[in-house]
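Trainee: Chains as they are written, first to last, in my numbering: chain H, 1 to 76; chain P, 77 to 152; chain V, 153 to 297; chain R, 298 to 442.
I should point out that these hints are in silico values taken from the structure, not numbers from a laboratory.
Here the structure is a predicted model, which means the values were calculated and not measured.
We treat Cβ as the ideally placed atom computed from N, Cα and C, and that holds for glycine.
Just to be clear, a hint being listed does not mean it is correct.
Claimed, not checked - A few chain R residues facing chain V, derived, Cβ under 8 Å:
{"#": "1", "residue": "G308"}
{"#": "2", "residue": "P312"}
{"#": "3", "residue": "I315"}
{"#": "4", "residue": "I319"}
{"#": "5", "residue": "Q323"}
{"#": "6", "residue": "T324"}
{"#": "7", "residue": "E327"}
{"#": "8", "residue": "I328"}
{"#": "9", "residue": "G329"}
{"#": "10", "residue": "S332"}
{"#": "11", "residue": "I333"}
{"#": "12", "residue": "F334"}
{"#": "13", "residue": "G336"}
{"#": "14", "residue": "G392"}
{"#": "15", "residue": "A403"}
Unchecked claim - Here are the simulated lysine-lysine pairs, DSS-like style, with alpha carbons at most 30 Å apart:
{"#": "16", "chain 1": "V", "residue 1": "K261", "chain 2": "R", "residue 2": "K428"}
{"#": "17", "chain 1": "R", "residue 1": "K300", "chain 2": "R", "residue 2": "K325"}
{"#": "18", "chain 1": "V", "residue 1": "K275", "chain 2": "R", "residue 2": "K357"}
{"#": "19", "chain 1": "V", "residue 1": "K155", "chain 2": "P", "residue 2": "K128"}
{"#": "20", "chain 1": "R", "residue 1": "K340", "chain 2": "R", "residue 2": "K420"}
{"#": "21", "chain 1": "V", "residue 1": "K275", "chain 2": "R", "residue 2": "K428"}
{"#": "22", "chain 1": "V", "residue 1": "K297", "chain 2": "R", "residue 2": "K374"}
{"#": "23", "chain 1": "V", "residue 1": "K261", "chain 2": "P", "residue 2": "K112"}
{"#": "24", "chain 1": "H", "residue 1": "K52", "chain 2": "H", "residue 2": "K36"}
{"#": "25", "chain 1": "V", "residue 1": "K195", "chain 2": "R", "residue 2": "K406"}
{"#": "26", "chain 1": "R", "residue 1": "K300", "chain 2": "R", "residue 2": "K321"}
{"#": "27", "chain 1": "R", "residue 1": "K442", "chain 2": "R", "residue 2": "K420"}
{"#": "28", "chain 1": "R", "residue 1": "K325", "chain 2": "V", "residue 2": "K195"}
{"#": "29", "chain 1": "R", "residue 1": "K325", "chain 2": "R", "residue 2": "K442"}
{"#": "30", "chain 1": "V", "residue 1": "K297", "chain 2": "V", "residue 2": "K229"}
{"#": "31", "chain 1": "V", "residue 1": "K212", "chain 2": "P", "residue 2": "K112"}
{"#": "32", "chain 1": "R", "residue 1": "K442", "chain 2": "V", "residue 2": "K180"}
{"#": "33", "chain 1": "R", "residue 1": "K406", "chain 2": "V", "residue 2": "K229"}
{"#": "34", "chain 1": "R", "residue 1": "K428", "chain 2": "H", "residue 2": "K36"}
{"#": "35", "chain 1": "P", "residue 1": "K107", "chain 2": "V", "residue 2": "K297"}
{"#": "36", "chain 1": "V", "residue 1": "K283", "chain 2": "V", "residue 2": "K155"}
{"#": "37", "chain 1": "V", "residue 1": "K261", "chain 2": "R", "residue 2": "K442"}
{"#": "38", "chain 1": "V", "residue 1": "K261", "chain 2": "V", "residue 2": "K283"}
{"#": "39", "chain 1": "R", "residue 1": "K357", "chain 2": "V", "residue 2": "K261"}
{"#": "40", "chain 1": "R", "residue 1": "K406", "chain 2": "V", "residue 2": "K157"}
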Amino acid sequence: MGLSILAFGQVAEITGMTFSFDHVSDTNALKLALEKAFPALQHVRYTIAVDKNTITTNTILNENSVVALLPPFSGG
Amino acid sequence: MGLSILAFGQVAEITGMTFSFDHVSDTNALKLALEKAFPALQHVRYTIAVDKNTITTNTILNENSVVALLPPFSGG
Amino acid sequence: MHKPKDIFIEGAIPPAMIADSIAKHQTKTEIGAHSIFLGQVRKDVINEQQVAAIEYTTYKDMALEKMHEIREEIFGKYPLTCMHIYHSLGIVNAGEICLFVFTSSAHRKEAIEACEELVNRIKAELPVWGKEIFENETYQWKQNK
Amino acid sequence: MHKPKDIFIEGAIPPAMIADSIAKHQTKTEIGAHSIFLGQVRKDVINEQQVAAIEYTTYKDMALEKMHEIREEIFGKYPLTCMHIYHSLGIVNAGEICLFVFTSSAHRKEAIEACEELVNRIKAELPVWGKEIFENETYQWKQNK
Chain H
1 MGLSILAFGQ
11 VAEITGMTFS
21 FDHVSDTNAL
31 KLALEKAFPA
41 LQHVRYTIAV
51 DKNTITTNTI
61 LNENSVVALL
71 PPFSGG
Chain P
77 MGLSILAFGQ
87 VAEITGMTFS
97 FDHVSDTNAL
107 KLALEKAFPA
117 LQHVRYTIAV
127 DKNTITTNTI
137 LNENSVVALL
147 PPFSGG
Chain V
153 MHKPKDIFIE
163 GAIPPAMIAD
173 SIAKHQTKTE
183 IGAHSIFLGQ
193 VRKDVINEQQ
203 VAAIEYTTYK
213 DMALEKMHEI
223 REEIFGKYPL
233 TCMHIYHSLG
243 IVNAGEICLF
253 VFTSSAHRKE
263 AIEACEELVN
273 RIKAELPVWG
283 KEIFENETYQ
293 WKQNK
Chain R
298 MHKPKDIFIE
308 GAIPPAMIAD
318 SIAKHQTKTE
328 IGAHSIFLGQ
338 VRKDVINEQQ
348 VAAIEYTTYK
358 DMALEKMHEI
368 REEIFGKYPL
378 TCMHIYHSLG
388 IVNAGEICLF
398 VFTSSAHRKE
408 AIEACEELVN
418 RIKAELPVWG
428 KEIFENETYQ
438 WKQNK
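Modelling step: build the complete structure from the supplied sequences, incorporating the hints.
Mentor: Encoded structure:
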């Protein structure tokens, strides 16, 4: 069990899309854990969406949260 | 011989596109002659082009002039 | 003077012609954006009569010279790769396409702005007249707003 | 929640699909104006390498929810008859179409403005990523301006 983490574009490439951490209680803690596990993430821009909504401030995560790591969009 | 007169749209309909006047020396004289021959023209809007250029002031006509009577454009 | 390019086609503009025109641009790989405007004949209701078709006529010599002038001005103003314009003459039934304006450029802003400006100028400046033919065979001369 | 309409298609958008989409609107005789935007993959040259193709991926659930939200907002803002959006996923070669935005309304102004606003919002707000694949098989992540 635990939250789901999805990664896309360059972030998917850096992380290999496999994540395993101890429990993280909010998105700030998640970012720290991610950047410790994947130091290259410190050098790329990405935003975080929780349950498909882009967040702009630290957000509490629960066991059912779906977190997505989104590099800058470049569709069209 | 004499100038050519072309008519389009509603003006073509009113005039039947057949014109015969004595010599007219300029566009003001032409308008008077036209509106005398076709009184209904007094009640429709039209502009005049001489040699494919729309005119905005009285313009001298010569024997080779091509005059066009243009109701408001409604293409597209 | 070099004879200006014809823009008029007899009757409605078929959708397949639009597809062909798009497909021809696939070899122009500097293009990033296409903007297309299509005018379609509306079945307007005027004094309880429905418009069945519009019949278009033009003063062709003057229209093609004016279109040439507009084309040159738009090419001078926007960095376009391509510009194509087709306008129907004769009968176009309600629901059919009567105007096809197509601009292409590297980036979207230029293609979109050029296309809009072309459509506005075509409607305002080309000597073309539409006669709205109603279903009971009466008619009125179309007025552009 | 009602499942939002899919907008994604695998690979390039064929010109014939655009023609079909236009032809389907001929029964909607209240339409007077169609505005179409097409995005085409450019063979850009970056560090002496030519772009051969773009590979698109998306976070589909989020993209479709966001597209639904944009669609509702644009329908609320402009009196449109129709709105259609298609975006490619997977490989689209240089010269091929990757985005098709199509708006229709009674009059041109609304169709044109709605189309432009849709294109801008799609590029800025949809979670879609393009990977520019060069002819020597290296790549870089596309950046929208």
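Trainee: Does each hint fit the structure? Answer for all of them.
Mentor: Hints, one by one, checked against the model:
1. G308: At 14 Å from the nearest chain V Cβ, G308 (chain R) fails the 8 Å test, so the hint is violated.
2. P312: At 4 Å from the nearest chain V Cβ, P312 (chain R) passes the 8 Å test, so the hint holds.
3. I315: 6 Å, holds
4. I319: 4 Å, holds
5. Q323: 4 Å, holds
6. T324: 6 Å, holds
7. E327: This hint holds: E327 (chain R) lies near chain V, its Cβ roughly 6 Å from the closest one there, short of 8 Å.
8. I328: 5 Å, holds
9. G329: 4 Å, holds
10. S332: 6 Å, holds
11. I333: 4 Å, holds
12. F334: Holds: closest Cβ of chain V sits about 6 Å from F334 (chain R), inside 8 Å.
13. G336: Because about 6 Å separates G336 (chain R) from the closest Cβ in chain V, which is inside the 8 Å limit, the hint holds.
14. G392: Holds. Min distance 4 Å.
15. A403: 7 Å, holds
16. V:K261 to R:K428: 22 Å, holds
17. R:K300 to R:K325: At roughly 26 Å apart (the allowed maximum being 30 Å), K325 (chain R) and K300 (chain R) satisfy the hint.
18. V:K275 to R:K357: 41 Å, violated
19. V:K155 to P:K128: 15 Å, holds
20. R:K340 to R:K420: Satisfied, since the Cα-Cα distance of roughly 19 Å is no more than 30 Å.
21. V:K275 to R:K428: 41 Å, violated
22. V:K297 to R:K374: 22 Å, holds
23. V:K261 to P:K112: 52 Å, violated
24. H:K52 to H:K36: 24 Å, holds
25. V:K195 to R:K406: 19 Å, holds
26. R:K300 to R:K321: 24 Å, holds
27. R:K442 to R:K420: 9 Å, holds
28. R:K325 to V:K195: 9 Å, holds
29. R:K325 to R:K442: 36 Å, violated
30. V:K297 to V:K229: Given that 30 Å is the threshold and the Cα spacing comes to 25 Å, the pair holds.
31. V:K212 to P:K112: Given pair K212 (chain V), K112 (chain P) holds - Cα atoms ~28 Å apart, limit 30 Å.
32. R:K442 to V:K180: Judged against 30 Å, a Cα distance of about 22 Å means the pair holds.
33. R:K406 to V:K229: Holds, because 21 Å separates the two Cα atoms, which is no more than 30 Å.
34. R:K428 to H:K36: 26 Å, holds
35. P:K107 to V:K297: 26 Å, holds
36. V:K283 to V:K155: The given pair, whose Cα atoms are some 28 Å apart, holds under the 30 Å limit.
37. V:K261 to R:K442: 12 Å, holds
38. V:K261 to V:K283: Given pair K261 (chain V), K283 (chain V) is violated - Cα atoms ~35 Å apart, limit 30 Å.
39. R:K357 to V:K261: 27 Å, holds
40. R:K406 to V:K157: Distance of about 27 Å is within 30 Å: holds.
Going down the numbered hints, you'll see the structure goes against 1, 18, 21, 23, 29 and 38, while the others check out.
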